[in-house]
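Visitor: Protein chains in written order, with the working numbering: chain A, -3 to 281; chain B, 2 to 150.
Careful: at least some of the hints might be erroneous.
Unchecked claim - A few chain B residues that face chain A, going by a derived Cβ cut-off under 10 Å, partial list only:
| hint | residue |
| --- | --- |
| 1 | S60 |
| 2 | Q64 |
| 3 | A86 |
| 4 | H92 |
| 5 | Q93 |
| 6 | I95 |
| 7 | L99 |
| 8 | L107 |
| 9 | D123 |
| 10 | V126 |
| 11 | T127 |
| 12 | D129 |
| 13 | P130 |
| 14 | P134 |
It should be emphasised that the hints constitute simulated quantities derived from the structure, not laboratory data.
None of these values were measured; they are calculated from a predicted model.
Idealized CB from N, CA, C, for every residue including glycine.
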Amino acid sequence: MDERPSSSAVAVSLCDSAPLLWRVDDLQAVRSQGLVGALLGSLPRIPRQNLRLGRPLLLLPEEEELLTERRAAAALPVYQDGEGAELRLQVKQHLEDQKRSYEEQSVLALEDRKAALLRAMTSSHTVVVLSESGDEALQSRLEALDRSFTFPSSALAVQVSTARAGLSYRPEARATLHASRPLRGQEESSCHAARYQVFRDLRGRGFYLTSAGKFGGHFLVYPGDPLRFHAHFIAVCLSLEEPVCLLDLLAVARLGSNVKKTVLLCSPGPEGRVQYTSLQWSGMV
Amino acid sequence: MSQASNRDDASPNWILQHPAYQQMKSLEIEDSAQVHAAFLVYMDLTEVRRWKAVSCAKSPELQVILLEGREKEGAPVQTVLPLPAHRSLSHQSIRQALDRGFPVLLCAVASDSTLVYQRMTDGLVTPDPPAGPFQDLGRRQHRKRRQKH
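Go ahead and model the full structure; you've got the sequences and the hints to work with.
Guide: In structure tokens:
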């Protein structure tokens, strides 16, 4: 398991309180450190499904804290747009581009129609040899087309780019990515602290962890990359003194045995060591 | 036990008079519900599952009655922790039960005397892999899905 300290920090952009990663380099860097996260975005070429999702990557709070501790992540500075001036400029630019495209396309469409008309007229005139009157009729029809032709705006072809060029950093933002700046103030709560201790310990042992909301636990623990393995454990983090109802214990153990995973009770103990207890269905009917 | 309920002169306090129960009572545990639960588990282990050498012991840290016994002759000794199902338990208590050095079975006793056993082990125990033989479904899965549409 490679734990090389990353030379540059990944840039985390905060959406409300959710830590997101946008750049592919950052996603690769974070995956190489053994942090999985969860992809949230839809892919532009296959939008109507959620089996394969795209960027951004949402980090677990524990993952964000681990990156901060390793000084491998920094918050992207918030871009100040003075009263939306830049945005208005971009909108104006876009409208002008559309107008220009419309004018070009209407010229091309008119030429297309004239060519079609010409073909239709000349092909039907191969039999009848009417030189002057035929030419005049053609000319008058072409002129009528010139006058009356309008290119409907609903027929306008608009190009949508599927590869967004705008996800790289602005040059000034890149320069100010300091790894020493803390991500944001952390509110300490005992359950949060317990979860972070467990996360760090299991990650240190080489396991990959993702969130386990589907299984009623805190983390799913994989022996390797989640793309290659099924999870072995459902980790439930609690403090040593916290009382848990026996029925809840039975429920989570039964669920674990139904999905072929062991339930792991994890508690940070003295001297920073974490104590683990495995719950398994006894099979005694 | 069913015979006792048919007889008119049957003593309803047969549990209280049972020697095993009286032995547990003598260990002076305050929680009488836990003592009752321990007795039910004792009867299940000895009469139903026919465990060998089942004895009861008091755990001073947990203030409960623990049972120790062997599944079969020559099998290793296991600790059984009987608890009423509505009780709560801390991870600390579980660790204290594990500290005795024997494999631990937690037994939850419901109000209708249903018993549920659960194995608790220290450390990370990898689950059993799914049992074979495995059959490659191949295109059958996709064909089924297409038929539905």
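Visitor: Next step is simple, just say for each hint if it's right about the structure.
Guide: Hint by hint, here is what the structure shows:
1. S60: violated (17 Å)
2. Q64: This hint is violated: B:Q64 lies away from chain A, its Cβ roughly 14 Å from the closest one there, beyond 10 Å.
3. A86: At 5 Å from the nearest chain A Cβ, B:A86 passes the 10 Å test, so the hint holds.
4. H92: This interface hint holds because 5 Å falls under the 10 Å limit.
5. Q93: Holds. Min distance 4 Å.
6. I95: Interface hint status for B:I95: holds (6 Å vs cutoff 10 Å).
7. L99: holds (7 Å)
8. L107: Since the shortest Cβ distance to chain A is 8 Å, the answer is holds.
9. D123: Cβ of B:D123 sits 6 Å from chain A, so the hint holds.
10. V126: holds (4 Å)
11. T127: holds (6 Å)
12. D129: holds (7 Å)
13. P130: holds (8 Å)
14. P134: violated (17 Å)
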